[in-house]
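Required output: the full structure, derived from the provided sequences and hints.
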Amino acid sequence: MDQSQTITRVTGQTTIHTGNPMAISQEISYRLERLILDGGLAPGQKIPSERQLAARLRVSRAIIREALHELQGRGVIETRHGKGSFVASLVPETGEFEEQSPLMQLYEGHPRTLYDLLEVREQLEGQAAFLAAQRATSLDRHRITKAFRALEDTDPLSNAKPDHGFHQAIVEASHNPVLVHLLSGLKSMMLLTVHAAVANLNPREEMRKTIVRQHRQLYDAIMNCKPAAAQKVATAHVRFVSDALKDMEQQGSKVIRAQLMPNGRNPDQSGIDFGRHSP
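The sequence shown begins at 1 in the UniProt record's numbering and counts up one residue at a time.
Any given hint could be a false lead.
List of simulated lysine-lysine pairs, PhoX-like, C-alpha gap at most 25 Å [claimed, not checked]:
| hint | residue 1 | residue 2 |
| --- | --- | --- |
| 1 | K209 | K246 |
| 2 | K146 | K83 |
| 3 | K161 | K187 |
| 4 | K161 | K209 |
| 5 | K246 | K187 |
| 6 | K146 | K232 |
| 7 | K246 | K232 |
| 8 | K226 | K209 |
| 9 | K83 | K161 |
| 10 | K187 | K232 |
| 11 | K83 | K46 |
| 12 | K161 | K254 |
| 13 | K226 | K146 |
| 14 | K232 | K209 |
| 15 | K254 | K209 |
| 16 | K146 | K209 |
| 17 | K161 | K246 |
| 18 | K146 | K161 |
Here are the computed distance ranges between Cβ atoms for each label pair [unchecked claim]:
| hint | residue 1 | residue 2 | range |
| --- | --- | --- | --- |
| 19 | K209 | Q26 | 34 to 44 Å |
| 20 | D153 | H81 | 56 to 66 Å |
| 21 | K46 | G252 | 36 to 46 Å |
| 22 | R239 | P43 | 25 to 35 Å |
| 23 | D153 | S253 | 21 to 31 Å |
Hints listed in this document are in silico derivations from the structure and should not be mistaken for laboratory results. Since the structure is predicted, the reported quantities are computational estimates derived from the model, not experimental observations. In this text, a Cβ means the ideal position worked out from N, Cα and C, and glycines have one as well.
This is the structure:
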């Protein structure tokens, strides 16, 4: 994609409205982030110059500079002296998905990424359940049972951590170190999807009953050493959550999205803030 095509992807068909310079720069930075999420700008790819963006968007270079500065501050882009601005790697070099990594920054600002995460959960947790049903030791079964009992004993309106703990116990019972590492590295992000399900679906009785039933079916399939059944239930469970949240949005409901606070903690010490909604 050449620079003119990239600029067109940034602007779309919407006019950048004049007014508050801060609001304009935020709108531009948001669109650039969307372009990165959609694959229009890949990690390592150069971003159009300030002059090109300013001319196309019909705003001052100062506003473009402020938008790029915002993205640089969040680690989404990096500036190379004498060469321009480039899309940064979204994944830290350490392989850990820290709370303030570029990937987490993009997640918190763009509602669609909730469903990207659920897609990943569906595939990885389905495989983890399959392997756990095959490989779980007596100690693994004890841990899964303990986690399941904790989930059952917790108020369904505030059981995000026990919910995640149950799924994590299953992942660890897969005895696939790569799979365990991947999902452990994504822990903060995956926990956000669980919080979204708990906050939006559990208050609705029929949805809550479905989720409780799916958890029980998943537990039974693993305890009874039924890999195919465990995989089927695990994938169906995550798909149900994703489809239910999408249906809520399509019906005009606002989906509560958990958000990590800047220091990773909120007053209840969970590190999650439920103040953000999807637009």
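Comparing the hints with the structure gives:
no.: 1; hint: K209 / K246; in the structure: 19 Å, holds
no.: 2; hint: K146 / K83; in the structure: 55 Å, violated
no.: 3; hint: K161 / K187; in the structure: 11 Å, holds
no.: 4; hint: K161 / K209; in the structure: 18 Å, holds
no.: 5; hint: K246 / K187; in the structure: 23 Å, holds
no.: 6; hint: K146 / K232; in the structure: 23 Å, holds
no.: 7; hint: K246 / K232; in the structure: 21 Å, holds
no.: 8; hint: K226 / K209; in the structure: 23 Å, holds
no.: 9; hint: K83 / K161; in the structure: 45 Å, violated
no.: 10; hint: K187 / K232; in the structure: 22 Å, holds
no.: 11; hint: K83 / K46; in the structure: 9 Å, holds
no.: 12; hint: K161 / K254; in the structure: 23 Å, holds
no.: 13; hint: K226 / K146; in the structure: 20 Å, holds
no.: 14; hint: K232 / K209; in the structure: 18 Å, holds
no.: 15; hint: K254 / K209; in the structure: 21 Å, holds
no.: 16; hint: K146 / K209; in the structure: 21 Å, holds
no.: 17; hint: K161 / K246; in the structure: 23 Å, holds
no.: 18; hint: K146 / K161; in the structure: 14 Å, holds
no.: 19; hint: K209 / Q26: 34 to 44 Å; in the structure: 41 Å, holds
no.: 20; hint: D153 / H81: 56 to 66 Å; in the structure: 57 Å, holds
no.: 21; hint: K46 / G252: 36 to 46 Å; in the structure: 40 Å, holds
no.: 22; hint: R239 / P43: 25 to 35 Å; in the structure: 29 Å, holds
no.: 23; hint: D153 / S253: 21 to 31 Å; in the structure: 29 Å, holds
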